[in-house]
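Trainee: Line by line, the protein sequences are chains W and F. Going by this note's numbering, the first residue of the first sequence is number 20, and it counts up by one from there. Going by this note's numbering, the first residue of the second sequence is number 20, and it counts up by one from there.
What the hints contain is simulated information worked out from the structure, not anything from laboratory work. Incorrect hints may have been included.
Intra- or inter-copy, both count: the list cannot distinguish identical chains.
Unchecked claim - As a list, the in silico DSSO-like pairs of lysine-lysine whose alpha-carbon atoms are at most 27 Å apart:
#, residue 1, residue 2
1, Lys91, Lys46
2, Lys28, Lys118
3, Lys109, Lys46
4, Lys110, Lys60
5, Lys75, Lys109
6, Lys91, Lys60
There are 2 protein chains.
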Amino acid sequence: MSDLIDFVKFNEEGLVASVAQDYRTRKVLMLAWMSRESILKTLEIGSVFYYSRSRKSLWHKGETSGQYQIVKDIFLDCDGDSILLIVDQKKGIACHTGKPSCFFRRREGVVWNES
Amino acid sequence: MSDLIDFVKFNEEGLVASVAQDYRTRKVLMLAWMSRESILKTLEIGSVFYYSRSRKSLWHKGETSGQYQIVKDIFLDCDGDSILLIVDQKKGIACHTGKPSCFFRRREGVVWNES
């Protein structure tokens, strides 16, 4: 898989911004970070691994919540510095708050309202 | 608009990762960065402004190409450190390569193929 990885441009922390989108609902679910190791694990296992910047460790999404993201497709952007993960979001919930998507605060006028 | 901005958590460079999604096709178009100023300009004008890290300046998306992104909706994620822009992508093209989306390299086995 090293050929694939060679096209990915990691930032100075060794990370790449990754967006997950539900393949069924087409909802954008979340934005998180992947390391070289998390990409390789994701490719190997077929379920998304991110890198947790707060915990400074590999993070198998869904490991504690069951909210796994099964990989359907992976795209790399033109610059090689962003990844798009098309996933089957298990339980239909991506966010730790219990919302389907982490992007649930919608701008309405001058405030953010929960959607 | 300062109330809105207060909920956004900028990184140490004063930027926030922002994903644009086409409101019609639901395609994820690109991932770029916004500064406080670019968010305020986006809210004021109604067409997306990013912050170009390479040029270190405000970047009105579409200004030279006509590929403007007209804002339909803006979402903030649970952590406040990522933004989702739902846009009307003018000309149906977001990428400087002429592709509809910047995420056109699709993983197929051990290679990225243009989709």
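Trainee: Decide, hint by hint, whether the structure agrees.
Mentor: These are the hints, each one checked on the structure:
no., hint, verdict
1, Lys91 to Lys46, "both (14 Å within a copy, 15 Å between copies)"
2, Lys28 to Lys118, "between (31 Å within a copy, 20 Å between copies)"
3, Lys109 to Lys46, "both (14 Å within a copy, 21 Å between copies)"
4, Lys110 to Lys60, "within (22 Å within a copy, 38 Å between copies)"
5, Lys75 to Lys109, "within (25 Å within a copy, 40 Å between copies)"
6, Lys91 to Lys60, "within (15 Å within a copy, 36 Å between copies)"
The earlier numbered hints are all upheld by this structure, with none contradicted.
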